[in-house]
Structure formats: structure tokens, C-alpha cells
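J.: Sequence:
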Amino acid sequence: LAHALIARGVGPDVLVGIAAERSIEMVVGLLAILKAGGAYVPLDPEYPRERLSYLFEDSAITLLLTQQHLLDDLPVPAGLPVLALDTLDLSAQAQTNPGIALHPENLAYVIYTSGSTGKPKGAGNRHSALTNRLCWMQQAYALNASDSVLQKTPFSFDVSVWEFFWPLMTGARLVVAAPGDHRDPARLVALINQHRISTLHFVPSMLQAFLLDENVPGCTSLTRIVCSGEALPVDAQQQVFAKLPNAGLYNL
Numbered sequence: 001l002a003h004a005l006i007a008r009g010v011g012p013d014v015l016v017g018i019a020a021e022r023s024i025e026m027v028v029g030l031l032a033i034l035k036a037g038g039a040y041v042p043l044d045p046e047y048p049r050e051r052l053s054y055l056f057e058d059s060a061i062t063l064l065l066t067q068q069h070l071l072d073d074l075p076v077p078a079g080l081p082v083l084a085l086d087t088l089d090l091s092a093q094a095q096t097n098p099g100i101a102l103h104p105e106n107l108a109y110v111i112y113t114s115g116s117t118g119k120p121k122g123a124g125n126r127h128s129a130l131t132n133r134l135c136w137m138q139q140a141y142a143l144n145a146s147d148s149v150l151q152k153t154p155f156s157f158d159v160s161v162w163e164f165f166w167p168l169m170t171g172a173r174l175v176v177a178a179p180g181d182h183r184d185p186a187r188l189v190a191l192i193n194q195h196r197i198s199t200l201h202f203v204p205s206m207l208q209a210f211l212l213d214e215n216v217p218g219c220t221s222l223t224r225i226v227c228s229g230e231a232l233p234v235d236a237q238q239q240v241f242a243k244l245p246n247a248g249l250y251n252l
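Note that UniProt numbering gives residue 50 to position 50 of the sequence shown, counting from 1, and the numbers run on in steps of one.
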């Protein structure tokens with residue numbers, strides 16, 4: 001896929017939109033954009049159509065990666081090239097990594113914030129900053145091949161970035177939650193136990209909702225719970241230590 005993107009003009013600092021549900025196709029799309037040297041712009045298909053229209057226009061993406069079943073619901077601008085990740089024939093493409101010359105200051109991704117003016121604002125992050133963050137997390141928390149990291153944060157939020165790439169750069173396993181799973185404590189418990197998840201992220205309010213599930217004490221594989229995005233209440237901390245004594249709680 002990276003070679004197919006390069007053939008379509010993707011390279012350093014070229015913005016490529018990706019509108020996909022949480023899936024293997026999403027992960028492949030993100031990796032391919034980066035391997036081609038480009039920067040990805042996540043476009044959450046659950047966003048209202050008006051917001052998506054604004055993001056398409058404001059981001060000035062040159063290409064869109066999506067899934068076939070989403071196409072009818074996306075306000076794709078006329079003339080924007082589109083590749084459907086789940087139907088694209090890549091059999092003629094090389095299977096080697098492309099040799100792309102990137103600089104640390106080249107963009108890795110652009111994520112849209114809510115914006116202080118009420119309009120979403122694109123915030124770009126460069127490879128140097130992304131590498132710094134991932135290397136710091138590895139130095140601090142030391143994933144290894146026995147770990148499984150759950151990717152459940154919508155990819156329009158920056159927490160998703162380390163959920164995707166931290167396990168893949170350290171030899172750990174990446175487990176991608178199905179669409180909607182991040183909102184359902186019971187499904188999260190089942191997923192954690194099915195895949196022996198060791199590491200995952202919660203905003204504190206969702207952590208509190210998760211801890212209410214009666215089956216949480218059975219999630220014995222958890223060793224790292226990372227929190228950010230909101231203040232972490234003391235009672236949530238105490239519940240984690242009481243119900244999940246094997247898990248470390250990290251407030252970022």
C-alpha cells in the first residue's frame with residue numbers, strides 16, 4: 001500500500017486523509033501513509049457530516065483512504081482521489097519497505113482539536129516529537145513481546161497514536177477493539193480477558209464506569225492502566241488498587 005501511495009504522489013509533508021472504522025484496514029492505512037513519507041489526517045466517520053465537510057476542506061488533503069461501506073456517507077469533495085482499503089488490489093505492488101528520505105521535522109500526522117474559536121483546528125506533530133514520546137514511554141514503562149496493548153481510543157484523539165505505534169515498535173502485540181467497544185465496560189472486560197490485555201488507556205470518567213462492572217476483578221492480565229485527559233479522582237485510584245492489585249496506575 002505504501003508503494004501505491006508513493007505512485008500517487010504521497011511523500012514528505014503530503015497530507016493523506018483516512019476515514020475508517022477501527023479495524024486492521026485502519027492500522028494498515030496509517031502505517032502505509034507513514035512508510036510512504038506522508039502525514040495522516042484522521043477523519044472519524046462517526047463525526048457529523050457538517051464537521052467532516054469542514055475537515056475535508058480545511059485540511060487540504062490530497063488523497064483519501066477509506067472503506068467501501070463508508071463511501072456513501074462521506075462528504076468527499078469532487079475530484080479528491082479515493083482508495084478503498086478493503087477492496088484495493090495491491091497484488092502488483094512491491095512487498096519491501098520503501099526507501100524514503102525523511103527529516104525529523106517532517107509531519108507525521110495532523111489531528112484536529114475542538115479549537116478555541118469553536119472551529120476545529122489542525123494540530124500537526126512531527127516525527128521528532130512522535131519518536132521522543134514513544135521512546136520516553138518505552139524507557140518509562142518497558143513493553144516487551146509478552147505484552148498486549150488494547151487500541152480503543154478513537155483515532156482522532158492523540159492518545160491513539162501511542163496505542164497504535166508503541167506496541168508495534170517494541171515487539172508487543174496490538175489488539176484493535178471493534179467499533180463501539182470503547183464505550184461498553186462489559187465488552188471491554190471480555191476483550192481484556194480474551195486477548196490477555198496487559199496495557200490500556202482510560203480517561204478517568206470511563207475508568208470509573210469500567211470499574212463498576214462486577215467482572216473487573218477477573219481482569220488479572222492487566223499490568224498497566226494509563227490515564228489522561230481529565231483529573232484522576234482519588235476514589236478511582238483506590239478502586240483500581242482494590243480490584244486490580246496486579247495493575248500499575250499511571251496518571252499522565
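These are calculated hints, taken from the structure and not from any lab test. Each residue gets a CB set at the ideal place from its N, CA and C atoms; glycine is no exception. Don't take each hint at face value.
As the list claims (entries may be wrong) - Here are the in silico distance ranges between beta carbons for each label pair:
no.: 1; residue 1: R49; residue 2: G124; range: 19 to 27 Å
no.: 2; residue 1: P104; residue 2: N193; range: 22 to 30 Å
no.: 3; residue 1: P12; residue 2: F241; range: 42 to 50 Å
no.: 4; residue 1: Q68; residue 2: E214; range: 35 to 43 Å
no.: 5; residue 1: D86; residue 2: S53; range: 39 to 47 Å
J.: Each hint needs a verdict: does it hold in this structure or not?
T.: Evaluation of the provided hints:
1. R49 - G124: 19 to 27 Å: Check passed, 25 Å falls within 19 to 27 Å.
2. P104 - N193: 22 to 30 Å: 40 Å, violated
3. P12 - F241: 42 to 50 Å: Since P12 and F241 have Cβ atoms about 46 Å apart, the given range 42 to 50 Å holds.
4. Q68 - E214: 35 to 43 Å: For Q68 and E214 the Cβ distance comes to about 40 Å; the hint holds.
5. D86 - S53: 39 to 47 Å: 24 Å, violated
When the structure is compared with the earlier hints, violations turn up for hints 2 and 5 and for no others.
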